[in-house]
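Asks: Whole structure, please, built from the sequences with the hints as guidance.
Protein chains: 2
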Amino acid sequence: MSDPIDFYFDFSSPYGYLASARIDALAARHGRRVRWNPVLLGVAFKAMGSAPIAEVPMKGEYSRRDFARSARFHGLAYREPSHFPIATVAAARAFYWMRDQDDAAAKRLAHALFEAYFVRDVNIGHAGEVVAIGAAVGIDPVPLKAALEDQSLKDRLKREIEASIGRGVFGSPFVIADGEPFWGVDRFDQLDRWLETGGF
Amino acid sequence: MSDPIDFYFDFSSPYGYLASARIDALAARHGRRVRWNPVLLGVAFKAMGSAPIAEVPMKGEYSRRDFARSARFHGLAYREPSHFPIATVAAARAFYWMRDQDDAAAKRLAHALFEAYFVRDVNIGHAGEVVAIGAAVGIDPVPLKAALEDQSLKDRLKREIEASIGRGVFGSPFVIADGEPFWGVDRFDQLDRWLETGGF
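Chains F and Y, in that order, are what the protein sequence lines are.
Under my numbering, the letters of the first sequence match residues 1 to 200, in that order.
Under my numbering, the letters of the second sequence match residues 1 to 200, in that order.
If you're looking for bench data, these hints aren't it; they were derived computationally from the structure.
Just so we're clear, the structure is a prediction, and the values are computed from it rather than from any experiment.
The C-beta atom is built at its ideal place from N, Cα and C for all residues, glycine as well.
It cannot be assumed that every hint is accurate.
Part of the chain F face toward chain Y, derived, beta carbon under 7 Å [to be verified]:
| no. | residue |
| --- | --- |
| 1 | Ala21 |
| 2 | Phe45 |
| 3 | Lys59 |
| 4 | Leu76 |
| 5 | Val131 |
| 6 | Arg167 |
| 7 | Phe170 |
| 8 | Asp178 |
| 9 | Phe188 |
| 10 | Gln190 |
Derived EDC-like pairs: lysine to aspartate or glutamate, alpha-carbon spacing no greater than 20 Å straight-line [stated by the list, open to error]:
| no. | chain 1 | residue 1 | chain 2 | residue 2 |
| --- | --- | --- | --- | --- |
| 11 | Y | Lys46 | F | Asp189 |
| 12 | F | Lys46 | F | Glu160 |
| 13 | F | Lys46 | Y | Glu55 |
| 14 | F | Lys46 | Y | Glu61 |
| 15 | Y | Lys145 | Y | Asp155 |
| 16 | Y | Lys46 | F | Asp100 |
| 17 | F | Lys145 | F | Glu196 |
| 18 | Y | Lys107 | Y | Asp6 |
| 19 | F | Lys145 | F | Asp178 |
| 20 | F | Lys107 | F | Asp140 |
| 21 | Y | Lys107 | Y | Asp3 |
| 22 | F | Lys145 | F | Asp103 |
So the derived label-pair ranges between C-beta atoms look like this [stated by the list, open to error]:
| no. | chain 1 | residue 1 | chain 2 | residue 2 | range |
| --- | --- | --- | --- | --- | --- |
| 23 | F | Arg120 | Y | Gly166 | 36 to 42 Å |
| 24 | F | Glu162 | Y | Asp100 | 52 to 58 Å |
| 25 | Y | Gly60 | F | Gly42 | 17 to 23 Å |
| 26 | F | Arg159 | Y | Arg33 | 50 to 56 Å |
| 27 | Y | Gly42 | F | Phe45 | 21 to 27 Å |
| 28 | Y | Gly60 | F | Gly60 | 36 to 42 Å |
| 29 | Y | Lys145 | F | Glu162 | 53 to 59 Å |
| 30 | Y | Asp150 | F | Lys158 | 57 to 63 Å |
| 31 | F | Phe45 | Y | Gly31 | 51 to 57 Å |
| 32 | F | Asp3 | Y | Gly60 | 22 to 28 Å |
| 33 | Y | Asp3 | F | Gly60 | 41 to 47 Å |
| 34 | F | Lys158 | Y | His83 | 26 to 32 Å |
| 35 | Y | Lys154 | F | His30 | 34 to 40 Å |
| 36 | Y | Arg120 | F | Gly60 | 33 to 39 Å |
Replies: Below, the structure written as structure tokens:
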């Protein structure tokens with residue numbers, strides 16, 4: 001059985017949201033599973049000396065238009081969040097905590113978090129919102145709330161981010177399939193052909 | 001008759017090269033013409049506080065792999081230039097000089113310049129190479145050589161670049177169709193649908 005495809009994303013990334021709606025189906029067409037790995041891009045941005053795209057002169061204005069247009073192009077609901085970008089520490093921690101227990105539940109949580117942030121304009125930067133969104137998809141809020149304050153979960157996220165940097169992940173979405181890196185939902189056509197052909 | 005589609009690019013941009021091989025055919029499918037506009041991205045990079053992608057930590061390594069893979073994906077020859085990126089002042093000036101006389105000849109020159117740089121590893125940063133490449137596609141080297149040293153052509157390129165900045169052009173390739181901006185050859189799918197539907 002082949003290794004899973006690694007899907008890296010930041011919960012505050014619009015392109016990560018678009019990718020999250022397509023990655024599992026794309027992989028499944030090739031009989032592959034996907035491991036989801038939320039990261040915080042701030043660390044990579046520091047290494048690159050760069051800033052979130054929406055804060056860059058010229059590129060920022062374009063990107064806001066492109067977020068919305070790309071969502072329409074892919075047939076996905078999208079509303080520009082009032083607070084953007086945000087720190088998605090709590091969302092990422094909650095995801096890993098859930099993934100360790102139940103991968104399918106973690107993905108349901110991730111979809112719900114993306115939808116809350118990019119469709120209903122809920123500020124998922126707040127841990128309270130993350131817990132509430134979890135509850136709405138069937139995750140017991142009591143242990144989740146406790147876990148979010150636990151040092152071991154904080155350390156866990158740090159290690160995941162360090163590992164992603166070590167693998168060259170610098171953007172969202174970022175997919176690594178059989179060692180080959182693909183940055184951007186606009187590389188899904190190449191990813192698709194790569195999985196089909198085993199490389200080109 | 002509708003306005004032409006504006007295609008902006010830097011002669012030292014690999015994605016600009018890939019786009020140059022496809023843009024005219026894409027537009028023609030929708031009965032549209034394309035106006036080609038070489039620019040020097042250094043000016044926009046200064047405004048954004050950014051650097052050429054290949055010089056950015058993490059992103060640089062990825063991008064070199066992506067240039068070659070994207071070329072294979074699009075079925076185009078590609079060899080990483082020994083000198084990259086380069087200042088393409090002479091190439092851009094030569095293009096505008098030719099465009100004012102004969103648009104088709106200017107496009108032939110552009111294709112030949114891209115092919116020289118990205119397939120045959122010729123350093124088109126040298127004015128002498130630009131003139132020689134022009135000669136090979138039937139452009140008289142004597143008036144071209146003289147034009148490249150003329151102040152009015154230097155001013156002309158400056159004005160074109162200023163105008164592109166004014167229209168929000170910050171990358172290569174960059175297409176503006178009926179006021180709508182598209183950055184990247186990976187937005188050609190959206191451009192194609194936009195021209196088909198008149199907007200989505």
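Asks: Could you run down the list of hints and mark each one as holding or not?
Replies: Comparing the hints with the structure gives:
The interface hint given for F:Ala21 is broken, as the beta carbon of that residue sits about 17 Å from the closest beta carbon of chain Y, more than 7 Å. Of the supplied interface hints, the one on F:Phe45 is violated, with its beta-carbon coming no nearer than about 10 Å to a beta-carbon of chain Y, more than 7 Å. Using the Cβ-Cβ criterion of 7 Å, the hint placing F:Lys59 at the interface with chain Y is satisfied: the shortest such distance is roughly 6 Å. Because the smallest distance between the Cβ of F:Leu76 and any Cβ of chain Y comes to about 13 Å, over 7 Å, the interface hint for this residue is violated.
Using the Cβ-Cβ criterion of 7 Å, the hint placing F:Val131 at the interface with chain Y is not satisfied: the shortest such distance is roughly 33 Å. This hint is violated: F:Arg167 has a C-beta 10 Å from the nearest C-beta of chain Y, more than the 7 Å allowed. Here the hint on F:Phe170 is kept, as its CB sits about 4 Å from the closest CB of chain Y, short of 7 Å. The interface hint given for F:Asp178 is violated, since its Cβ lies 14 Å from the closest Cβ of chain Y, which is over the 7 Å cut-off.
Interface restraint check for F:Phe188: the shortest CB-CB distance to chain Y comes to about 10 Å, outside 7 Å, so the restraint is violated. The restraint placing F:Gln190 at the interface with chain Y holds, with a minimum CB-CB distance near 5 Å, inside the 7 Å limit. A C-alpha spacing of about 32 Å is found between Y:Lys46 and F:Asp189, which places the hinted pair above 20 Å, so the restraint is violated. For the hint pairing F:Lys46 with F:Glu160, the CA-to-CA distance comes to about 17 Å; that is within 20 Å, so the pair holds.
A hinted pair counts as satisfied when its Cα atoms are at most 20 Å apart, and F:Lys46 with Y:Glu55 qualifies at roughly 15 Å. For a cut-off of 20 Å, the pair hint linking F:Lys46 to Y:Glu61 stands: about 17 Å separates their Cα positions. At roughly 16 Å between alpha-carbon atoms, Y:Lys145 and Y:Asp155 fall within 20 Å of each other, so this suggested pair holds. About 45 Å separates the Cα atoms of Y:Lys46 and F:Asp100, which puts this hinted pair outside 20 Å; it is violated.
In summary, the hint linking F:Lys145 to F:Glu196 is not supported, as the alpha carbons are separated by about 42 Å, beyond the 20 Å threshold. Proposed proximity of Y:Lys107 and Y:Asp6 is supported: the alpha carbons are some 13 Å apart, at most 20 Å. Using a Cα cut-off of 20 Å, the hinted pair F:Lys145 and F:Asp178 is violated, with the two alpha carbons roughly 36 Å apart. Between F:Lys107 and F:Asp140 the alpha-carbon distance is near 15 Å, which keeps this suggested pair within the 20 Å criterion.
In summary, the hint linking Y:Lys107 to Y:Asp3 is supported, as the alpha carbons are separated by about 18 Å, within the 20 Å threshold. Between the alpha carbons of F:Lys145 and F:Asp103 the distance comes to roughly 19 Å, so the proposed pair stays at or under 20 Å and holds. The supplied range of 36 to 42 Å is met by F:Arg120 and Y:Gly166, whose beta-carbon atoms lie about 37 Å from each other. Between F:Glu162 and Y:Asp100 the Cβ separation comes to about 55 Å, which falls inside the hinted range of 52 to 58 Å.
The supplied range of 17 to 23 Å is met by Y:Gly60 and F:Gly42, whose beta-carbon atoms lie about 19 Å from each other. The given range of 50 to 56 Å is respected by F:Arg159 and Y:Arg33, whose C-beta atoms sit roughly 55 Å from each other. The given range of 21 to 27 Å is respected by Y:Gly42 and F:Phe45, whose C-beta atoms sit roughly 22 Å from each other. Separated by about 22 Å at the C-beta atoms, Y:Gly60 and F:Gly60 break the suggested range of 36 to 42 Å.
A hinted range of 53 to 59 Å for the beta carbons of Y:Lys145 and F:Glu162 is consistent with their spacing of about 56 Å. The hinted range of 57 to 63 Å is satisfied by Y:Asp150 and F:Lys158, whose Cβ atoms lie roughly 59 Å apart. Hint check: F:Phe45 to Y:Gly31, Cβ distance near 43 Å, so the stated range 51 to 57 Å is violated. The hinted range of 22 to 28 Å is satisfied by F:Asp3 and Y:Gly60, whose Cβ atoms lie roughly 27 Å apart.
Take Y:Asp3 and F:Gly60: their Cβ atoms lie about 27 Å apart, and the range 41 to 47 Å is violated. A hinted range of 26 to 32 Å for the beta carbons of F:Lys158 and Y:His83 is inconsistent with their spacing of about 40 Å. As the Cβ distance of Y:Lys154 to F:His30 is approximately 53 Å, the hint placing it in 34 to 40 Å is violated. At roughly 38 Å, the beta carbons of Y:Arg120 and F:Gly60 sit within the given window of 33 to 39 Å.
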